[in-house]
Amino acid sequence: MYSRNEILVVAGSVVLRSAISLCLPGVSKTLQSSIQLSTLMTSHASLLEGIYLQELGLDPYDGGLVHQAPLLVSLMSQLQGTYDLLYPLIDAYIVITLIKLAKAKNLKLAPWIVGASYAFNPIAVLANQAKSSMIFTNASIVSALYYAVEGYASLSALWIAIASYLSYTPVFLIIPLTKVVARAGNVLNFISVLILSVGLLIGASYQITGDWKFLNSTYMTVISFSKIAPNMGLWWYFFTEMFEFFIPFYTMVFSLYNVAFVVPIALKIEGLFAFVMTIGWLNFSKPYPELTDLPVYLSLLLILEPCFPYLGYVLLSALLFLHSIILAPIFYHLWIDLGSGNSNFFYAITLAYSLAMATTIGDFLWAYVQMSYHDEHPEEKNVKLSQL
Amino acid sequence: MLWRSVLNLLLPLSAVCEELNSAAYEPRAIEYPYEETLDITPLPKNHLFTSFQFKLESEETEISPSSHVASYKAFPKSLAPILKTTNTRELHLRFGQGWWDSEHWGQLPNHGETAGGSGVEVWAVIESSDSAHAFKEWLKLVNLLSGLFCASLNFITEENTVFPLRSFLPKDDIPLFDQSNGLFLLRAALPSEPVCTENLTPFVKFLPTRGKEGLASLLDGHRIFESEWHMISIDVETVCDEEHSTCKYSMQQKVDAVVDVQRALRRVSNPIPKPVTGDELVCDSKKPIDAFQCFAINQKTKTKFSLNEIFGRTIKNGSHLGRKQSKVCVHALPHWNVFLVNNGDLFGTGDNCFDLDTGNYNILIKTDNTFEVMPVSPVPVLVSRSMTGYGLDKGGLRTVFQNNLDVEAQIIYLETLPWFMRIYLQSLTITGAEKDEVIKSIYYQPEIDRQRPTHLEFEIVLPPNSTITMAYQFDKSLLLIAEYPPDANHGFSVEPGMVRVFEPLDYQVRTSPDLLTLPTPDFSMPYNVIIFTATVMSLTFGTVFNLLFKRTVPEKDADLVSAELDPKVKIKAKIQNLKQRIRSILHKDTSTNEGKS
Chain A
1 MYSRNEILVV AGSVVLRSAI SLCLPGVSKT LQSSIQLSTL MTSHASLLEG IYLQELGLDP
61 YDGGLVHQAP LLVSLMSQLQ GTYDLLYPLI DAYIVITLIK LAKAKNLKLA PWIVGASYAF
121 NPIAVLANQA KSSMIFTNAS IVSALYYAVE GYASLSALWI AIASYLSYTP VFLIIPLTKV
181 VARAGNVLNF ISVLILSVGL LIGASYQITG DWKFLNSTYM TVISFSKIAP NMGLWWYFFT
241 EMFEFFIPFY TMVFSLYNVA FVVPIALKIE GLFAFVMTIG WLNFSKPYPE LTDLPVYLSL
301 LLILEPCFPY LGYVLLSALL FLHSIILAPI FYHLWIDLGS GNSNFFYAIT LAYSLAMATT
361 IGDFLWAYVQ MSYHDEHPEE KNVKLSQL
Chain B
1001 MLWRSVLNLL LPLSAVCEEL NSAAYEPRAI EYPYEETLDI TPLPKNHLFT SFQFKLESEE
1061 TEISPSSHVA SYKAFPKSLA PILKTTNTRE LHLRFGQGWW DSEHWGQLPN HGETAGGSGV
1121 EVWAVIESSD SAHAFKEWLK LVNLLSGLFC ASLNFITEEN TVFPLRSFLP KDDIPLFDQS
1181 NGLFLLRAAL PSEPVCTENL TPFVKFLPTR GKEGLASLLD GHRIFESEWH MISIDVETVC
1241 DEEHSTCKYS MQQKVDAVVD VQRALRRVSN PIPKPVTGDE LVCDSKKPID AFQCFAINQK
1301 TKTKFSLNEI FGRTIKNGSH LGRKQSKVCV HALPHWNVFL VNNGDLFGTG DNCFDLDTGN
1361 YNILIKTDNT FEVMPVSPVP VLVSRSMTGY GLDKGGLRTV FQNNLDVEAQ IIYLETLPWF
1421 MRIYLQSLTI TGAEKDEVIK SIYYQPEIDR QRPTHLEFEI VLPPNSTITM AYQFDKSLLL
1481 IAEYPPDANH GFSVEPGMVR VFEPLDYQVR TSPDLLTLPT PDFSMPYNVI IFTATVMSLT
1541 FGTVFNLLFK RTVPEKDADL VSAELDPKVK IKAKIQNLKQ RIRSILHKDT STNEGKS
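So the sequences go chain by chain: A and B. Take the first sequence: its letters are residues 1 to 388, numbered as in our numbering. Take the second sequence: its letters are residues 1001 to 1597, numbered as in our numbering.
I should point out that these hints are in silico values taken from the structure, not numbers from a laboratory. Careful, some of the hints might be misleading.
[Claimed, not checked] In the DSSO-like style, the derived pairs of lysine-lysine whose C-alpha atoms are separated by at most 30 Å in a straight line are:
#	chain 1	residue 1	chain 2	residue 2
1	A	213	B	1136
2	A	268	B	1550
3	B	1550	A	384
4	A	268	B	1556
5	B	1248	B	1324
6	A	213	A	384
7	A	105	B	1286
8	B	1300	B	1045
9	B	1205	B	1274
10	B	1366	B	1324
11	B	1287	B	1205
12	A	268	B	1574
13	B	1556	A	384
14	B	1286	B	1300
15	A	268	B	1248
16	B	1084	B	1136
17	B	1287	B	1300
18	B	1327	B	1077
19	A	179	B	1140
20	B	1556	A	381
21	A	213	B	1394
22	A	381	B	1286
23	A	384	B	1568
24	B	1140	B	1254
25	B	1254	B	1366
26	A	268	A	179
27	B	1394	A	29
28	B	1394	B	1366
29	A	384	B	1300
30	A	29	B	1435
31	B	1254	B	1274
[What the hints assert, rightly or not] Listing some non-contacts, in silico: residues in chain B with all C-beta distances to chain A over 12 Å:
#	residue
32	1192
33	1271
34	1454
35	1486
Here a beta-carbon is modelled for each residue, glycine too, at the ideal position from N, C-alpha and C.
Could you put the whole structure together from the sequences, leaning on the hints where they help?
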């Protein structure tokens, strides 16, 4: 069923990640405090604090530190001590799902390459060491997409419900996902299971914590952007510098911007393509983005292989990503630790990173537009296109 | 010259004492519930501890919610209505600055009870129906006090107020005026508040003497606030007599200061500082001394000074309003000579205590050996706190507790940390002993951004003669640009931690405040940031919007299609269309009108 290469990729991903955490335990410790690889919403330290407070009998959500979903905190408190194996295994799961997804799409690209693009992506490896809880969301998103492509509407709904429950933003992925499901599965089934599972997850969380405070810490913080800390996104510096009077207005503007293209993309573009582009757009415009979002997005771009011949700015995007990802920790260090740079250094790099995200979105959308035109007009092969 | 006259006067000393005592029995015209004393204690290294104490009481009123103080004698009229309207049963205010050198000066005065932390500290017991209402009353109280004391007490908000559990228990039972209410203890501190003369002026105005006479006439802000350590404290308590069901406010005001005598004298003799000449240098005898080497110490073996030189003023009369005469006591070993100077005459007593009546008074203190002073009381528990780590985004707090006693010390350690310090309780470590043996319980209320501070109360047992270190880690938040003070890179003060020793004795001591540096944005470029970010956003928005909604055509047909879509052509067509429609509507209208007519 799986080829030798695919098994090697999966095994390699687990071995590589476990080897780093076993041989170099200091790396994990350092990366956990990196603000590029995890944010306030997803940091491992706050997850551990939540577990600790829960064990002491205190409410983790009666404070400003813990933002992870209650069920995740409870689950992780059961799995204490296994983290060094758990996180590599979840990455392995993502790799397997990506391979299965590539197989389901019958790409020209060998499926193991898609798997390897995640398994050996340096950012994915580092993010795994940083133990950002975003990894659970990523795994859920990838499985939701896989089951949707395969036509398992209920499973897909369950996974996207989990992803939305864990970090709120994936809730907007439901719209393009519905389109993917519609091709092979039962939409009604999808929606009913989705509503049911979200209800169950929230209800179970209420049962565990005993009140609704967790909604405020997990979702309201993201919606209202009430916690400002440096991250890779567009929001933080804008709101730090913004005049207090305008903050509510701009919170609204940015929130609208975050979801502005979810529906148009889903309407105008084919399902799978729309889903990946929406991930890109959300990663670009969400309040608390982190580098952990990136590897899954990049690997999913490989699934859009049919449009590769139409891509125009691969080198530009790649260089922008390289430039911003390498310089981000350096400039942050200059600002925070050495004091020889100031906040503008890091801000500039986050802008470059956002531009890199924007170029990939623009490039792929244009490639899609060209591809679909040529599919509709097979007689006009190799004709240059323009838009009016 | 003066000195010789002192010696002459030493002989008829006993006679003078009798005279002074007889003055005390004279009937006094006014007897307000008011007392004042001044205690002076020489400390090692030419330091002098001075403690002004004023006690006053209000008139009695009935225990009932509607009762109010109608007449004022000693108690300040400005304060009582504030306490009344906010239902405050106890009020404690501390204005302090400087560092108390426990190693040389021993215990804090009054077992640390009247000492506060650096800056301003205030706590109060408020009678109220619930804690939310109590908090409202508290805000009203501190805002009113803010105006009264010219202090930034109005900066006390929910961001820095806590309800301490065990650190500030009231000494006595406080009766409820309304039995359905409860009592709430609230506390806040402003560690970076500069304490200055404008805080002393209202303090002096509280006294019935208004600083015009009595011991308060000695209080000069310039001198008090120049001292090494000073603490102004005000404690108001409601004292009730259950039998007669009456209550009154009892107030104690204190000004404690540790003065560096050498420095104060130098200021008088040498207003422009000059280097000390060789023959006046006192060298450290523990270090090598010869003609070329001298490790100078700021201490003179012989000293002679008067209060006039320390405070820049003399005492104008004793207070004529109080029940008792104003009293000055000097606590020193017998080889310290202490005299009361009145109109050029010198008096001495056996216990170095003097009652003051009418006249200008001054105290003269003289000794040949400043190295020997009254033995200081040993300090039971020492505490010090410091910041650890580097970088602006995270750090740690490290607190060292030292138990000097031969028995276990039971203490409560209270810490209130600002919300922008997000502490990780899981990182709490104890070195020097087992964690479970030292920390008996922790009360932890985590911060909520812009709503409440972190409130930590540790119940700690310190083993005999031990040093325990407690450490934990925290993250720092980024603030909004308007939340930074003008000198943002100076850092934010973290209020002192407070240790209260319960067993085997009562003692209070605070750490010094810590300076927390936060990451700062660039304050000069809000507009640039708005422009840059908005550029990236609109660029992306425009690109994606065009890609999604524009028509795709082959490049070679573009001109053709665009001619079709040319706005001029389009507008012409639209106008044509509109004309057609208006014409048809008009036509319809005329036809219907015709039909009606």
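Which numbered hints does this structure break?
6, 7, 9, 11, 15, 19, 22, 28, 29, 31, 34
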